[in-house]
Every structure is written in structure tokens, then in C-alpha cells.
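Chain order of the listed sequences is L and B.
Using our numbering, you'd call the opening residue of the first sequence number 1 and step up by one each time.
Using our numbering, you'd call the opening residue of the second sequence number 1 and step up by one each time.
In short, the hints are calculated from the structure, not lab data.
Since the structure is predicted, the reported quantities are computational estimates derived from the model, not experimental observations.
By construction, the Cβ of each residue, glycine as well, lies at the ideal position given by its N, Cα and C atoms.
Take the hints with a grain of salt, since some may be wrong.
As the list claims (entries may be wrong) - In silico EDC-like cross-links for lysine to aspartate or glutamate, where the CA-CA straight-line distance does not exceed 20 angstroms:
hint, chain 1, residue 1, chain 2, residue 2
1, L, K549, L, D434
2, B, K2, L, E387
3, B, K2, L, D438
4, B, K203, B, D245
5, B, K255, L, D112
6, B, K2, L, E479
7, B, K83, B, E205
8, B, K2, L, D424
9, B, K2, L, E568
10, L, K436, L, E479
11, B, K96, B, D151
12, B, K236, B, D192
13, L, K418, L, D434
Stated by the list, open to error - Chain B regions said to be covered by chain L (calculated; three or more residues, Cβ under 8 angstroms):
hint, stretch
14, 132-141
15, 161-173
16, 191-197
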Amino acid sequence: MSAIGRSLKRLEDRPLLTGDGCFAADNRADGQVHMRIVRSPIAFGRILDIETDEAKALPGVIAVWTAADIADLPPIDFRMTRIAGLEPYRQHVLARDYVRYVGDPVAVVFADNPYIAEDAAELVFCDIEEETPCLDATADPVAFMPERDPALLSEAAVITKSYGDMEAAFAGAAAIIEMELKVGRHTGVPLETRGALAVRDPETGVLTMYGAAKVPHYNRDSIARMLGLEPEQVRLSEGHVGGGFGIRGELYPEDVLVCAAACRLGVPVKWVEDRREHLMAANHSRDQVHRIKAAVDANGFVRGLVDTFYTDQGGYVRTHGGTVSDLAAALLPGPYLIPAYHVEGHIRLTNKTPSGTYRAPGRYETTFVRERLMDAIAARLGLDPMEVRRVNLIPEDRMPFDRGIEALGTHVLYDSGKYHDLLDRTLTRIGYQDLKADLARRRVAGEAVGLGIAFFVEKSGLGPHDLVTMAVQPDDTIEIVTGAASVGQGVETAMAQICSDVLGVPIERIRVIHGQTDRIAIGFGAFASRVTVMTGSAVKIAAEALRDKAIALAAPLLQADVRTLTLEMGCVVSRDSGATIGLAEIVAQSGKDLDAEGLFRADHMNYPYGIHVAQVRVDEAVSGIQVERYLVAYDVGRAINPMLIEGQIVGAAAQGIGGALLEEFIYNEEGQPLATSFADYLMPTCHEMPPVEVLLREDAPSPQNPLGVKGAGEGGITAVGAAIAAAVDDALGRPGLITSLPISPRRLHALLRR
Amino acid sequence: MKPASFDYIRPGSRAEILAALAAHGDDGKILAGGQSLVAAMNFRLARPEVLIDINGTKDLDYLQPSGDSLAIGALTRHAAFHKPVVDGPLGPLLAKVVRNIAHYPIRQRGTFTGSLAHADPASEWCLVATTLDAEMLIVNAEGERRCRAGDFFKGTFTTAVGAQDLLAEVRLPLLDDGWRSGFYEFSRRAGDFALAMSLAALKLENGRITEARLGVGGVADRAIRLHALENELAGKAPSRELFEDVAASAKAAIKPSEDIHASADYRRDLIRTVVLRALTEAAA
Ligand SMILES: Cc1cc2nc3c(=O)[nH]c(=O)nc-3n(C[C@H](O)[C@H](O)[C@H](O)COP(=O)(O)OP(=O)(O)OC[C@H]3O[C@@H](n4cnc5c(N)ncnc54)[C@H](O)[C@@H]3O)c2cc1C
């Protein structure tokens with residue numbers, strides 16, 4: 001039986017369930033010292049002086065550094081989407097001249113234990129001349145660091161993309177619809193905060209950082225560059241990771257500091273972030289305002305769409321460069337034809353925590369924008385919202401569909417999709433007409449209940465390539481080494497299933513090594529829903545090469561012609577004689593290694609898609625919203641392990657509900673963050689979560705990889721804001737009411753009172 | 001989020017607790033369930049030099065009906081109220097309310113008296129104590145004194161309990177069989193502190209309200225008992241109109257606090273709703 005397509009139990013779970021997990025804070029080394037960051041208490045101001053004498057004098061303190069002590073370290077560079085003009089906005093590991101958000105690292109303390117480190121951090125005094133913070137990305141740009149460079153303004157870049165004849169689109173329009181839509185500031189909040197242990201081997205000089213995640217190879221190269229080391233002198237090692245979501249594992253100031261300190265202080269250095277720090281230091285995300293204008297015909301077909309949007313980038317531009325805004329700009333049109341499109345995305349710096357990517361970056365925001373537009377069109381023209389979508393959806397016979405613009409430097413080419421078909425299946429699954437009638441009955445009886453449906457296109461499998469090596473071990477297991485990373489998504493199981501599918505070896509006999517820079521030359525890590533597509537395809541290629549090699553080596557041993565040999569259940573079998581030989585046995589008898597490499601290249605991303613359905617009940621008297629039912633329909637091309645995909649989708653839907661209803665980084669006028677603990681930054685819990693149904697389809701396999709697979713990491717979150725907003729409108733009978741997320745009770749109350 | 005340095009002592013008797021409090025004065029702090037204090041220490045918002053852990057004094061953990069009241073000891077956990085603890089309407093009332101306090105694990109540690117001593121404006125037990133006019137027994141090395149809820153709560157996180165005092169016992173009046181209660185709170189998630197809540201108790205005889213208790217919590221610096229509205233309810237037959245009127249008056253009577261989760265305007269409307277729902281449930 002094929003190993004692909006089965007909901008096999010995860011290989012990863014045993015150590016996690018038996019307490020054998022090794023997370024960042026579990027790493028320790030003899031003689032380690034603890035690092036504590038002194039963070040700016042002020043949102044924006046010029047640094048006059050940083051007083052460290054008192055802290056240095058505290059017994060148990062080993063060193064205290066400010067920017068002056070590490071003046072040789074360059075700022076942290078971009079990993080992705082390097083847009084011209086962004087360089088001056090990069091963050092130094094410790095603030096220089098200015099602080100730009102509450103939480104900006106201004107000094108760092110090293111001490112014998114974390115308690116002393118925190119005591120000492122309190123004794124560091126920052127003399128900062130406060131300036132008026134900029135907290136609104138739609139306001140006119142201001143000086144980034146007025147004294148240092150008065151001409152450098154807080155608008156770092158403008159991303160423009162465009163195609164089609166906009167004038168013609170608007171000239172013949174039956175209606176023009178304008179809207180302003182906003183998605184608030186929230187982010188991925190992994191259960192495990194960040195942390196690292198850096199150790200330099202005094203003999204070899206090799207610096208190892210434990211607690212790496214997401215993109216170990218890239219970060220190794222960056223750290224080496226920043227510290228003036230050769231890449232071979234730096235090793236990054238990933239352990240278990242308690243959640244990534246795009247934010248964890250990027251190169252942050254703290255990672256560079258532990259490594260620099262391990263080299264310069266000559267002792268192992270450990271840092272574990274606390275939750276309060278995490279909520280103001282790790283990347284925030286979303287926070288976009290879109291102003292759109294659409295020209296539509298009488299059927300609701302969008303003839304042309306113009307969008308101007310503002311990304312609140314926070315204090316600096318971090319490793320993601322312009323990624324979020326670029327993806328927002330490129331993917332806003334989603335599943336619809338939209339023959340003319342013009343977008344201008346303004347990346348604006350403010351005095352909040354820097355922001356970066358979070359699960360479905362740019363798509364959560366723009367799906368909200370686009371789907372709100374579809375609902376507005378339906379309301380304006382008196383059409384059924386599903387009909388409006390049908391009229392606009394890209395038909396199957398237009399696939400592959402060339403959008404004519406680029407995303408992340410690759411051409412946006414929708415590889416495959418049966419959008420209308422999935423819409424029909426989804427409506428059938430929920431019993432659309434009956435459900436609508438049922439909700440109408442409940443509304444007549446006095447309940448405010450409603451339904452919202454939103455369509456989205458995701459993207460996955462970002463190239464350029466991925467490499468795996470594979471080798472049969474003496475104990476008859478197979479070791480796969482990949483430069484991909486595991487952030488908890490089930491990489492080991494999925495890779496083992498793909499390998500098992502080719503070699504017939506049960507997944508329990510396959511070991512997947514990931515996130516270790518000393519085990520494989522290149523690696524791209526885990527982001528952009530790329531691992532199953534890219535690494536998975538490389539595994540398939542490697543496994544096929546291994547199979548061919550096994551047969552070739554077995555032929556003389558079995559005294560058979562290779563054409564009569566097959567690989568079954570991990571053994572080479574002779575069709576003629578029935579003789580068999582196991583893989584480890586081939587190694588033993590031939591005296592040769594049985595190994596292979598798989599390299600997979602992809603020039604384009606692929607584009608999974610789906611539909612979210614939300615049913616909500618609003619308690620108007622308290623402005624409360626309860627999600628009664630949630631469904632995600634998703635076409636993944638090919639499902640390697642349906643259980644893992646469902647897990648990804650349900651978890652992502654929970655985060656989406658958080659962003660739609662609960663989670664928000666609120667700042668006061670002084671730029672003080674007001675949500676810096678879980679008492680105020682509200683994550684959804686099991687009480688707030690409805691059961692999430694998943695309609696998983698494989699109707700449109702990707703023609704761009706040998707598995708036909710598309711990514712599944714993000715589609716569960718993409719359309720949540722859009723679907724819930726539509727459902728709330730419907731429940732209240734007020735189309736177009738919701739234009740901003742999250743729909744907090746406070747905000748809903750203000751809307752209802754209007 | 002590591003606490004500042006502190007000393008820790010664990011007295012074995014009430015007398016030792018009082019001696020420790022007397023010895024350390026402003027520098028000492030009682031550790032009961034720790035569900036508020038430890039978090040405050042981790043944020044370094046509280047920096048006691050000496051932590052006086054009362055968890056070793058097991059005889060402070062009791063629930064005792066005595067006379068016309070229920071006596072609650074200084075170590076009685078929230079979870080003790082999950083099932084009715086006394087016959088009559090008070091037991092179910094407390095069981096109904098306790099489910100709204102935090103989450104199951106927190107309720108296993110956090111204490112009833114600790115909540116009162118801590119005096120969070122949105123504490124359910126503070127609302128119960130205020131509405132039912134609880135009596136507090138405050139003791140220190142010098143002696144003891146009693147104080148009613150109306151004089152006990154002084155504002156956010158401040159009460160009549162001084163630095164050397166132990167809140168040793170709280171007494172709630174046992175309600176006789178004619179009483180019925182209703183409680184409603186709105187919070188952003190299950191287990192969160194309420195944005196607004198109301199407790200109503202009505203004594204009904206022959207279809208009329210003979211006595212009423214009505215309180216609102218989570219909307220100001222302390223729970224508020226609405227005496228005037230209690231009088232308004234007394235002598236009347238329960239009805240939708242009556243409750244609507246009383247709820248509207250409650251909304252008008254209170255100047256609510258503001259925070260990131262609720263504006264004053266929003267809280268005003270919440271007050272109306274929670275009072276209406278609590279009264280409606282009480283009369284149902
Ligand atoms: C996630 C979370 C959610 C919560 N949600 C709620 C909620 O919805 N509603 C709610 O009411 N509470 C809530 N709480 C708080 C919880 O109920 C606490 O248990 C309670 O506020 C304090 O009780 P404690 O026994 O834990 O006191 P501690 O934390 O030990 O002490 C609190 C304060 O009271 C003092 N103190 C304690 N006992 C005495 C005494 N006998 N005499 C004098 N001083 C004393 C201490 O010195 C300290 O200053 C929540 C807590 C958490 C962690």
C-alpha cells in the first residue's frame with residue numbers, strides 16, 4: 001500500500017509526549033552565563049547617555065555592553081525581498097543614537113544567573129531625549145532619525161505593480177465602489193518563547209548556536225558574516241521548536257548577541273526570552289490599511305481594481321525586507337480575473353515593534369480586503385455574494401493563469417485550480433440554501449446569526465531549490481538529511497512517507513535529520529509553506545536514485561539482470577528466482593555505500609486555494625461574537641498525510657480567529673504597548689474555538705513537482721478575517737459594517753451605537 | 001520576568017504568621033494561592049522582601065456554617081465552591097459564581113480570602129462579598145477587629161487589611177429558602193476578568209420581592225452595591241419592565257472605568273445588560 005495519502009501517526013510525537021523534548025531553554029553548557037537585554041522604555045528618542053556603572057558593580061555581573069562596545073557589528077541584513085532603499089532602516093543589534101520602539105535593545109547584561117542579570121538590567125539607566133512618536137502609517141512621513149539624517153523619511157519604499165487598461169475599466173463601469181479596510185497589528189505567538197545557547201569550542205574555534213529554528217543555514221551565514229568568521233566556523237543546531245509561524249527563527253539582535261558574547265567573553269552564553277519581552281521584541285505583523293477603488297459591471301464583474309495601502313512596518317525593517325508588502329501587492333487579486341489592476345504599497349516606519357511575516361503574510365490582510373469588496377459589490381448591486389464570486393473566479397480552462405506581475409521575484413503563475421468546482425462542493429457540503437433558510441428562521445426568532453464565506457488563493461513551494469541526502473545505515477534504517485527545518489509541522493513524518501512510498505520501508509525505519517548546518521551543505525529551512533513541496537520532491541528524487549542504485553548493486557549479488565529486479569518492502573526482489581536481499585545486506589555484501597542525493601529546482605511557486613465558511617452569533621447587548629461553526633475547504637493538490645494537513649488547518653484557523661476577534665497590539669499616544677502579557681494580548685483558547693471542519697480536496701495537483709503537492713501550512717488562516725467579518729455583517733443585517741479587524745467587543749459596540 | 005530577591009518563610013500556625021507579620025511589617029507579604037502575587041512578583045510589580053507562606057497552616061482551610069453565616073477560612077481555595085457548600089440558596093449561588101473565576105487549575109490554588117485581600121476590581125468574590133455584605137475578621141499580633149464589606153474595600157488593590165494584618169476569616173450571610181439569585185458576567189474569553197458583571201439576589205414571597213441585593217463589579221475601582229435600586233425592587237412584583245427600569249438606573253448611577261478592552265460608553269451599556277440578565281435569572 002502506498003505510504004502517501006495515509007494519516008500515519010507522527011514520528012515526532014514520542015519524545016514530545018514522553019518529556020524527552022529538547023527546546024531552546026533545555027540546552028545548557030558548563031560555565032554558561034546568562035544574558036538579559038535592557039530594553040528602551042520609550043518609543044522614540046535620542047540616546048544621550050547609557051549609564052552602566054552601577055550594573056557592572058553588582059556581584060555576579062560579568063559584562064555590560066552598549067552599542068559602543070560592539071561598534072564593529074553591522075546591522076542585521078535582509079534575508080528576503082531586498083528592495084532598493086530599505087538599507088538605512090535596518091536594525092543594529094543594540095540601538096545607536098536613537099531608540100525607535102518600546103523594547104528596542106539598548107544594552108545587554110551578562111551575569112552568573114538570570115536573576116542577577118535581571119537585577120543588573122534594572123540598574124542600567126538610559127538617558128533618552130524623548131521625541132514625538134509616529135504611530136500612524138497613513139500619516140505623512142516624518143524623519144526616521146532627525147538629528148542623524150533629517151532627509152531620511154519614514155517611508156522606506158513604495159511597491160508598485162500594475163497590469164491592464166485601467167482607464168477603459170473605469171470608463172465603462174456600471175458602479176464604482178470605494179472602501180477603506182484595515183487589519184490590526186497582531187502576530188504569531190509561539191508557545192515557546194525565543195532562546196539560544198551559544199558555545200565556542202576553545203580547541204576548534206567552532207561556534208555553535210543551539211536553539212536555532214526556521215532558517216539555520218541562512219542564519220549561520222549571516223552570523224558568520226557579522227562576526228567576521230568563516231561559515232565553517234559557525235554551526236547552528238535546531239532542537240525541538242515550540243511553534244514558529246514565520247516569526248520565530250528569523251535572525252534577531254539577541255541571536256547575534258549570544259554568539260558575539262560567546263566569542264568575546266569566552267564562555268557559553270544563554271538567553272531565554274520572557275513572555276513580556278516576546279510580545280514587544282519578536283516580530284509583529286499585519287497592520288495594514290488599504291484604500292481600494294473598484295470598477296464593476298452590472299453582473300458584479302470587477303473590471304478594474306486600484307489599491308493604495310500602507311504597511312505599518314514598526315521601528316525598523318528586519319530580515320523580511322519588503323516581503324509582506326510585496327506579497328500583499330502581488331496576491332491581492334486572489335482567485336479572480338480582474339483584468340486591470342494597479343497597486344501601490346507604502347512601507348512606512350513607525351515607533352512600534354518592527355514587523356515581519358506571520359502565517360499567510362500579506363494574504364490574510366488582502367483576502368480580508370478583496371472578499372470584503374466582493375461582499376460590498378453584492379450588497380450594492382443586490383446580488384447573491386456567491387454569484388458575484390462565480391462571475392469573477394478564474395475559470396478552469398484559463399489555467400495555468402498568468403497574472404502578469406511578480407511576487408518575491410518570481411512570476412505569479414497560478415499552476416492549477418478548479419475554483420468553481422470547489423465553490424460548488426463547499427456550498428453542497430454546508431447545504432448552503434438550507435443553512436441560509438435556517439439562519440433566516442433564527443433571525444426571525446430574534447437571534448443575530450449569520451454566515452460568511454470567503455475565497456482565497458495561497459502560495460507555496462518557494463524555490464529556488466532544495467537538496468537532500470539519503471543513506472542506508474548498517475542497522476537497516478534509512479537516514480535522510482535535509483536542510484529544511486521543523487517548526488512542529490510534521491516534517492519528519494511527511495518526508496518519511498514520501499521516502500517510504502518509493503522504497504517500501506516502513507516510516508519507523510526512516511530517520512530524518514533536519515536543521516543541522518554541519519550535516520548538509522545547503523538548506524533553506526521552513527517558511528512559505530515550502531517544505532513538503534521542495535524538500536518532499538527532493539526526497540522523492542533521492543529515494544528513486546537510491547532505489548536504482550540498490551538494484552544495480554543487488555544484481556551481481558542475486559546473479560540477476562537489473563531488468564528483472566524490483567524494490568519491494570525495502571528489499572530487492574528477483575522476479576525470476578524470487579530471491580530477495582535487504583538494503584543493509586546489500587551494503588554489507590557489496591562493501592559499497594548505498595546512498596543518494598536529490599536536488600529539486602522550482603522556478604515558480606504553486607498556488608493552492610480554498611474557501612472559509614464561518615457561522616457566527618452576535619450577542620448585541622454585550623457586543624460579543626461567538627463562532628458557532630467553521631469550515632475550511634482546501635485543495636492541496638496531493639495530500640501526503642491528511643491528518644497532518646488537518647492539524648495545520650485547524651491550528652491556523654484558531655490563529656485566524658484570534659486575529660479576527662481577539663488579538664491586538666494596542667499602543668497609547670506615547671507609543672507604550674498596552675498588550676504585553678497574556679492578560680491583555682488575548683489568544684483564543686479551546687473555549688473560543690468552534691469545531692473546525694475540513695474539506696480536503698486533491699482535484700488540482702500541481703504540475704510543477706513530481707508529487708503534485710502544494711503547501712498546507714497557511715491556508716487555514718488566510719480567509720478567517722474575511723469570513724468572520726462577512727458573517728457578522730450578515731448576522732446584524734448590516735452589509736459593509738465591518739471594515740476593520742479585530743472585531744473586538746469595544747469596536748463592535750462603537751459600530752452598533754453609530 | 002524573574003522576581004527580585006526575597007526571603008521565604010513558612011509559619012506552621014496562625015500565631016507564627018502573626019508574629020512574622022509583626023516582625024517584617026511593610027517588607028513582608030502573605031503568600032496564599034499565589035495566583036495574583038507570584039505573577040506580580042515576576043513582573044517585579046510586587047517586591048516583598050519576605051514572603052510569608054501561609055499554606056503550611058492547614059487549619060486555615062475551612063468552611064463552617066455558624067449561626068446565620070458561613071465562615072470561610074484564609075486558605076479555602078476557589079475550587080472548594082465548585083459544589084454547593086451549604087444547604088439553602090447560598091451554596092448554589094457560590095457554585096454558579098465560582099465557575100467564572102479564572103480556569104480550573106488556578107481555582108485549585110487561588111483562595112477566597114486572597115481574592116478579597118487582593119481586591120481586584122473585577123474579582124467575583126469581591127462582588128459577592130460586597131453585594132451580600134460579608135463580614136471580615138482581620139487579626140494581627142495586637143488583636144482582632146471585624147469590618148463589613150462596605151468599609152473593607154478602599155479601591156483598586158486596597159482594603160482595610162494593613163501590612164501587619166491577616167485577613168483570617170470571611171463570613172457570608174446564609175440566605176434562607178426564600179432567596180433566589182442570578183449572576184451574569186461578560187468577559188472577552190472564558191476565564192478572563194469580567195468587563196462587567198452583576199449579582200442579584202431576590203427574596204420572593206407570594207410573587208413579590210420582599211428584599212433585594214444588587215451589585216455590579218468590574219466597572220469601577222471596586223464592586224458597587226446598589227442600595228437605592230435594592231429599595232426600588234423591594235415590595236414590587238418581578239417583571240420585565242421593572243428590571244429594565246432598574247437596569248437603566250444602574251447604568252445611570254455608575255461612572256465606569258475605562259481600559260483597553262472597554263470604553264466608558266461601552267461599559268455603561270454593559271452595566272445595563274448584566275444587571276438585567278442577573279435580575280432576570282434571579283426571578284426565573
Ligand atoms: C490567568 C488568571 C486568571 C484569573 N482570573 C480571575 C478571575 O476571573 N476572577 C478573579 O476573581 N480572579 C482571577 N484570578 C486571580 C485569582 O483568583 C487569584 O487566586 C486571587 O486573586 C488571589 O488569590 P490568591 O490566594 O492566589 O492570593 P495571592 O496571589 O497569594 O495573594 C494576593 C494578595 O493578597 C494578599 N493576601 C492573600 N491572602 C491574604 C490574607 N489571608 N490576609 C491578608 N493578605 C492576603 C497577598 O499578600 C497578596 O498581596 C486569575 C488569576 C490568573 C492567574
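Taking the hints in turn, this is what the structure says about them:
In summary, the hint linking L/K549 to L/D434 is not supported, as the alpha carbons are separated by about 58 angstroms, beyond the 20 angstroms threshold. For the given pair, B/K2 sits about 57 angstroms from L/E387 by alpha-carbon distance, which is inconsistent with the 20 angstroms threshold. Restraint check for B/K2 and L/D438: not satisfied, since their Cα atoms lie roughly 54 angstroms apart, outside the 20 angstroms limit. For a cut-off of 20 angstroms, the pair hint linking B/K203 to B/D245 stands: about 19 angstroms separates their Cα positions.
Only pairs whose Cα atoms come within 20 angstroms are accepted, and B/K255 paired with L/D112 is rejected, the gap being roughly 51 angstroms. Of the supplied pair hints, the one linking B/K2 and L/E479 is violated, its CA atoms being roughly 42 angstroms apart against a limit of 20 angstroms. Annotation: proposed proximity of B/K83 to B/E205 is violated, straight-line Cα distance about 27 angstroms (limit 20 angstroms). A threshold of 20 angstroms between alpha carbons decides the hint, and for B/K2 with L/D424 the separation of about 55 angstroms lies outside it, so the pair is violated.
For the given pair, B/K2 sits about 57 angstroms from L/E568 by alpha-carbon distance, which is inconsistent with the 20 angstroms threshold. Among the hinted pairs, L/K436 with L/E479 is inconsistent with the structure: their alpha-carbon atoms are about 53 angstroms apart, more than 20 angstroms. This hinted pair does not check out: B/K96 and B/D151 have alpha carbons roughly 26 angstroms apart, beyond 20 angstroms. At most 20 angstroms may separate the alpha-carbon atoms for a hinted pair to count; B/K236 and B/D192 exceed this at roughly 35 angstroms.
For the proposed pair L/K418 and L/D434, the alpha carbon gap of about 25 angstroms is over 20 angstroms, so the pair is violated. Counting residues of the stretch 132-141 of chain B whose C-beta sits closer than 8 angstroms to any C-beta of chain L gives 0, which falls short of three, so the coverage hint is violated. With 0 residues having a beta carbon nearer than 8 angstroms to a beta carbon of chain L, the stretch 161-173 of chain B misses the requirement of three or more and the stated coverage is violated. Residues of the stretch 191-197 of chain B with a Cβ under 8 angstroms from some Cβ of chain L number 4, which satisfies the need for three, so the listed coverage holds.
When held up to the earlier numbered hints, the structure conflicts with 1, 2, 3, 5, 6, 7, 8, 9, 10, 11, 12, 13, 14, 15 and fits the remainder.
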